[in-house]
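Engineer: So you can see what is in the structure, the chains are spelled out below.
Number of protein chains: 4
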Amino acid sequence: MSGSIFGKVFQISTWGESHGKALGVVIDGCPAGISLCEEDIQKDLDKRKPGNSPFSTPRKEDDRVEILSGVFEGKTTGTPISLIVHNTNQRSSDYTEISRLYRPGHADYTYDQKYGFRDYRGGGRSSGRETTARVAAGAVAKKILSELGVSILTYTLSIGPVQIDKTKFDADQIYKNFLAMPDADAAQKAAEFLMKQKESEDSSGGIVECVVTGLPAGVGEPVFEKLDAMLGKAIFSIGAVKGVEFGSGFKASSMSGSENNDFYRFDEKGELTKLTNNSGGILGGISDGFPIILRAAFKPTPSIHKTQKTVNKQGENIDIQVEGRHDPVIVPRAVIVVESMVALTLVDYLFQRVFSRMDLIKKALS
Amino acid sequence: MSGSIFGKVFQISTWGESHGKALGVVIDGCPAGISLCEEDIQKDLDKRKPGNSPFSTPRKEDDRVEILSGVFEGKTTGTPISLIVHNTNQRSSDYTEISRLYRPGHADYTYDQKYGFRDYRGGGRSSGRETTARVAAGAVAKKILSELGVSILTYTLSIGPVQIDKTKFDADQIYKNFLAMPDADAAQKAAEFLMKQKESEDSSGGIVECVVTGLPAGVGEPVFEKLDAMLGKAIFSIGAVKGVEFGSGFKASSMSGSENNDFYRFDEKGELTKLTNNSGGILGGISDGFPIILRAAFKPTPSIHKTQKTVNKQGENIDIQVEGRHDPVIVPRAVIVVESMVALTLVDYLFQRVFSRMDLIKKALS
Amino acid sequence: MSGSIFGKVFQISTWGESHGKALGVVIDGCPAGISLCEEDIQKDLDKRKPGNSPFSTPRKEDDRVEILSGVFEGKTTGTPISLIVHNTNQRSSDYTEISRLYRPGHADYTYDQKYGFRDYRGGGRSSGRETTARVAAGAVAKKILSELGVSILTYTLSIGPVQIDKTKFDADQIYKNFLAMPDADAAQKAAEFLMKQKESEDSSGGIVECVVTGLPAGVGEPVFEKLDAMLGKAIFSIGAVKGVEFGSGFKASSMSGSENNDFYRFDEKGELTKLTNNSGGILGGISDGFPIILRAAFKPTPSIHKTQKTVNKQGENIDIQVEGRHDPVIVPRAVIVVESMVALTLVDYLFQRVFSRMDLIKKALS
Amino acid sequence: MSGSIFGKVFQISTWGESHGKALGVVIDGCPAGISLCEEDIQKDLDKRKPGNSPFSTPRKEDDRVEILSGVFEGKTTGTPISLIVHNTNQRSSDYTEISRLYRPGHADYTYDQKYGFRDYRGGGRSSGRETTARVAAGAVAKKILSELGVSILTYTLSIGPVQIDKTKFDADQIYKNFLAMPDADAAQKAAEFLMKQKESEDSSGGIVECVVTGLPAGVGEPVFEKLDAMLGKAIFSIGAVKGVEFGSGFKASSMSGSENNDFYRFDEKGELTKLTNNSGGILGGISDGFPIILRAAFKPTPSIHKTQKTVNKQGENIDIQVEGRHDPVIVPRAVIVVESMVALTLVDYLFQRVFSRMDLIKKALS
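Residue numbers (my numbering), protein chains in the order written: chain A, 42 to 407; chain B, 42 to 407; chain C, 42 to 407; chain D, 42 to 407.
In case anyone wonders, no lab produced these hints; they're calculated from the structure.
This structure is a prediction, so every number in the text was calculated from the model and none was measured.
Just to be clear, a hint being listed does not mean it is correct.
Unchecked claim - When the alpha-carbon atoms are kept at most 27 Å apart in a straight line, the in silico DSS-like pairs for lysine-lysine are as follows:
1. K184/B to K90/B
2. K116/A to K404/C
3. K315/C to K239/D
Produce the entire structure from the sequences given, and follow the hints as far as they go.
Structural biologist: Put into structure tokens, the structure is as follows:
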């Protein structure tokens, strides 16, 4: 119950700390008969790696995944899939100072308050490294979604003040530039902005956008487990997310009904279309068959060199400079994490759709 | 599993449609020994009622709650509490036309896609009337929170382009004006704006803000059931919500780390303070003991008189005008619904906090 | 979380006390499109009624069920189904004495210990009357099972020392005699035995047997939610059950492997058969397509006229005679309760079977 | 959802197959602040090992446990605990024949039916080796129980026709003889009986008994998650269990109320006692503070040398002799598994007891 299990049908249980022996995940509820090998998972983990970017930590994270159970002769068996990634590059000695104080913007203080003490090495369980396990599980979820015709496209929408120009949208760019932006010009400008932030020993926030296509209508479980509610939970569970919106999002609050309502039309082929997609593909908490659109606002990396005020455990007011080199922006590496959480949620609720109707159950069981 | 159960410890199971016999909720997990009577619940239900406002539907909803079980000699018994509100004012005859077409911005199409057919009377289960049961359960949650020293203040932050002026914040105004705004001037301007929207047969969106005080540090269950994740799910489960944010929210995406980080300081009394509260009272998914701050963006009421394009079930493109008189803005009546969902979430995770630490468990069981 | 929610997919939430205003259940997870009316449920509730039997309490329980939500135009809508049964015949005045002492064999003492106080009227929530809600929900489950070709036969196997003779098994007898025995002779002998018990102001236990046919192979979720584990939980949740067994049951403990193993054979038509069914239709926690066989041992009714020793809340040792007229044996009325719990469990895990295999999911969603 | 997660508060997620790389468990919900090291777990795993007994498989299972996460500086951190046991002695070559046929009494046929195919090496996930993970998690649960004053004593009650003599009960014997019998004479007789079974290439069943002391009154969550229901589920989830009973158990079905009711008395010190314990320490599904007593009937080991009839996947009737050397009785090694499942259930519901009463919650959170 302590919060590290996610999902109802396709359930994952993650574990591991930044500087422990390993991180991993157990998937309970993956159906039998899906082709799965380590490379299927590794390619998503590689997207999460710091890589050679000037905007990511130089900590070398090799992050090789190993499948320990649940796959036999290349196929899932229907029994739990255990995935493990060993930690190979932790340097605990860096973190002794941190154990005695509370870094602003980090979870140091709240973990101490909650658990009475904390594994302070690299943030322990509150480290972004925890998302390794999410990405590993998400890769399995994406495998299933692709068999069901569902695709997810995720990218950086903005970094600080620099937003992409949607008229220049080029999906191929996403994993070509260091910033996962589908617009080479914006990526260039954002890079320049980040260099300035680094020089002033500071960091930046940004926004990730995600578009899902191919999801059939009818996914989502009102009234509490609406599709947007469950996606909202999934995205807010990622560290550093401060806001989530769907379709017209916050803008809807200053729109009138006649602007925001999406009008239906049958097109010339007789297929249902919508003239707009302000709903972001969800109405009444249920997918409507049009693209799901969501955005997540990330706060700036809290670890900065700039001098900050804080307190220590001895009850003193102190000034600190956070040591080590950290990503000046979290957003580019968070793109695959957002995608993974969306995939995990969609698989779960797409499966549950079967139970909405007796005719679907009969079809499956006949 | 079809989505109408909410919570893990304090679990509620809601039921009922707009034009059915009744609506209600069963609470499983309310501890024994809490004083509870119908009036405790009725006063929150009354806040949800259309009332005499020119900006709410003239449908008369009497909404008297009845406690059917779980309370004995004025106290909760620890067994399930069943609450019921009978529907007394439904007029099904209005809705025959709606059964054959899909209203823009409503869940008509998605319910048909999901379930194969739908109870079209007044939106059936997808009606805002469903929130009656949430408010009833939320009142019980608030009773518990108040015993534990937690308070929730919820209000309208903006309607369309009209936002409150925080320097004029006056909590007493909230339930004095029809729009639940804690600023009489803004309420006046918003009322004028809404009259214009009504005249042009249109509607408006708005934003609700919620501030929680008295919640201790240590509430929230990382990594998936972080406090912001669970509150996010709770708020997104309310119909018409298109965006949710905490603390600095979407603004954080264009801030630098040194601006967004909240610096800690011990004040002159030696108590821990933060110089800002951009985190909205949550770090690493755990409450930090400072106020929780969240905002929810509501889309404009989809039911408008203005002519709209849509399709019917026979496959035709048609134009419609939605009949009946509807609220030109949903926000003022949604305030108590947001508050209820926040209360339900907080009770659940405040209870779960006990399990974080062996010393707390021992204290309880000794 | 307080234990009144049952099931994972087909989830029921029951509520109500013996002498409260009503009892009921909310079903969350019933698929859309199933024909359902009150009479479908009423006929099972009638089997639970005391009736005119000399062996059941003369309390008149009319127990008319009302469907409050989730059914529209004669079909389930896929949204929560709320069922209510009003209490019409409670006489609370009988129970004041009981509030001050602990009846042997009842839950008086444990409810006080757990909740700090209790609704002592008729046992409150611990009363057998609570099973009314189970039977109502079970009737819906049985409706679904019958659409899927699954049948359940449940009956009294023994009362005290009197066991049925299986060579005389006659299913038609089950609801013809007062004791639900499929053997008229045994029913006669058991009736005589019970008359003697009544004369000596005492009561009797007995055994219920249940046989499920038509359940396909592949139902059950190892390793913890094996079909026998979930049925075991379901049956042990019925008050007064002290033992549960499947197939050869306790006898298996003194058998050798060569006796207990069921040998497979293809019969002359090429269909798979088993030469015996000691497994009771379950191997490795999964149904094997052969009949599920289970037995539940019920303790004797604890309410007896005979003088008993006990204590009161003032700390005194006292002697009591339990007033009122009670069933001298609980078994005949428990038959439908066992059947209901089996049905609820089977629907839940039969539905879950879809998730075992990707091919079944694809078939349902295609 | 596929059944390998157990518990609600103290949740475990197990994984691994007989001949996979490793087996393990993730514990989510272990409170922070409990001393834990590998040796705490190892000592229970050692009880499960085949050892040098002539009545257990000669497969050498070293079974060294490793803690991968959730423990820091010797104490649990409140975050997930991942435990792993590497498989070191698997010989997959033995099992090719098995892949083509269905062994009587095993789950070969049902796994194929459920999942479409199976990992046939050593039974895959359906192997008793899966219980390694349960015992590892159970050791952590027992650590917590011991801090809360709860003890569990588990032993072999009978093997085939040989039952212990309770007048000779000697707890020290339990892990001294190969058969875990608390009666040296019975152990000797049972050993002789088993030698005969081995000679005739057959096997035997038996009964395990478990007695819990120190559990406070008030544990268990009626009406569906009664303590006996949850223990019943836990025990029936162990492979080979065909029956479970509490207190007077099946015998209660032929007792009268005056015999079976436990009479309360205050003893000379003014403490509450019961003159008997036919209830097995549970009334109305809630512990009464007296010892919990349960028994589990195990079927004989299905793997026997004796020739058996069965079928193969090609649709032929065949005769087989199961190769390899197997335990002639499963009971002695199952004793620690029963104890582990009882411990896991008790921790979970003992924790939940806190939520029954507002005064306990306030005490914990104050």
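Engineer: Does each hint hold? Answer for all of them.
Structural biologist: Verification of the supplied hints:
1. K184/B to K90/B: holds (20 Å)
2. K116/A to K404/C: The given pair, whose Cα atoms are some 19 Å apart, holds under the 27 Å limit.
3. K315/C to K239/D: Within the cut-off at roughly 25 Å; holds.
When the structure is compared with the earlier hints, no violation turns up for any of them.
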